[in-house]
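Chemist: Sequence:
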Amino acid sequence: MPLIASFGGLPEFQACEKIVLHQPTGTLYLACSTPESRLAWTPAMGQLNAQNRSAEDYIATFDPVTSKITRLELQNYHSDQPMSVHGMDVVPSSTNPNELFVYLVNHRAPPREQDSESVGADSVIEVFKTTVSGDQLVHIKTVRDPNVISTPNDVAGDADGKGFYFTNDHGFKVSHVRTLRNVFSSTTSVGYCHLDHGCKIVASGLYTNNGIVKAPALNASVYVASNMGGKISVFERQAVDDSLILMDVIHIGQALDNLSLDNNGHLWVAAFPKAQDMVEHLTKNPLHLSPVAAFKISVNTGPGSFYGEKYAVEKIFENDGTIVSGSTSVVHDSERGMLFMHGVAAHQLVVCRVQY
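Residue numbers (full-length UniProt numbering): 1 to 356.
To be clear, the hints were calculated from the coordinates, so they are not data collected in a lab.
Pairs of lysine-lysine residues, derived as DSS-like cross-links and limited to a Cα-Cα distance of at most 30 Å, are as follows:
#1 Lys68 <-> Lys141
#2 Lys200 <-> Lys231
#3 Lys129 <-> Lys162
#4 Lys284 <-> Lys315
#5 Lys129 <-> Lys141
#6 Lys200 <-> Lys141
#7 Lys173 <-> Lys141
#8 Lys173 <-> Lys231
#9 Lys274 <-> Lys315
#10 Lys284 <-> Lys231
#11 Lys200 <-> Lys162
#12 Lys173 <-> Lys162
#13 Lys310 <-> Lys231
#14 Lys141 <-> Lys162
#15 Lys284 <-> Lys173
#16 Lys274 <-> Lys231
#17 Lys274 <-> Lys173
#18 Lys231 <-> Lys315
#19 Lys68 <-> Lys129
#20 Lys310 <-> Lys274
#21 Lys173 <-> Lys200
#22 Lys200 <-> Lys129
#23 Lys284 <-> Lys274
Based on the sequences and whatever the hints tell you, model everything.
Modeler: Structure below.
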């Protein structure tokens, strides 16, 4: 079992809800804001004070070898309001490994004549392209379909720069009983969009969706985390129509957020041992310590596999919030022996060296 040999923090990165590793270079991509903005404008938590949201959310890269930090400059992006970033995916192009597609959840405020507290966010998925080691994000398209992309949380993109899956984390944008409906019924969904063919729901009746990640192969597994359900649903993608078939459920037993896959094919998930502390951390006081955990899930090759235990679940990291608080993303660089953690309202990126 791997051990955390050392760790350090980078306060230059704040409120980065999603982090994605570019495995060939070891570069980290981060979708960041400010803790204060997250407190005002986080539609996933029902925080809809659009007037107090940040005007400077950004995507950045971090090179752990050189410690170089780069904020990516937006090109060809024309909007009358700033981006409000949430989930993200970074995918190498299937035709040019030096080209990367960046899929990004953008929680726009509604039109000015509408009250954000009453109607919720006008959320969309942005598609950009960049290059390895590049410092620009070139906008390709804004995908808006409020009937399908209603409460997007995270996104998992295809290598063609055109298709992507995403999770809706609530069944309703706004409602006096929205949270109760989420807790007591399965109202969330997974959607799929293609720039040429539009959007559709491919899995519905799911419980408190959050993070999503998929293996690179066309018909490979798609994993979806259930926040309050403490479980991960394993779907098989159908190449003929991009629909999803539920194959397995992996039980973790803690509140879950974002998922990632490392180069060994192991699944990682950020978890909250004390969910109430996370709620306090995100909705009232970002300085409130929210304990975190990081789990690794792999195919079980041990004795338990004989008894039908298909997956091995290991807790690799746990902390009371003093090192990393409210972590919503965990990423493992298996080639370089590093573990990265950050959170939607956290005050630093945590970098751990892993000893195997």
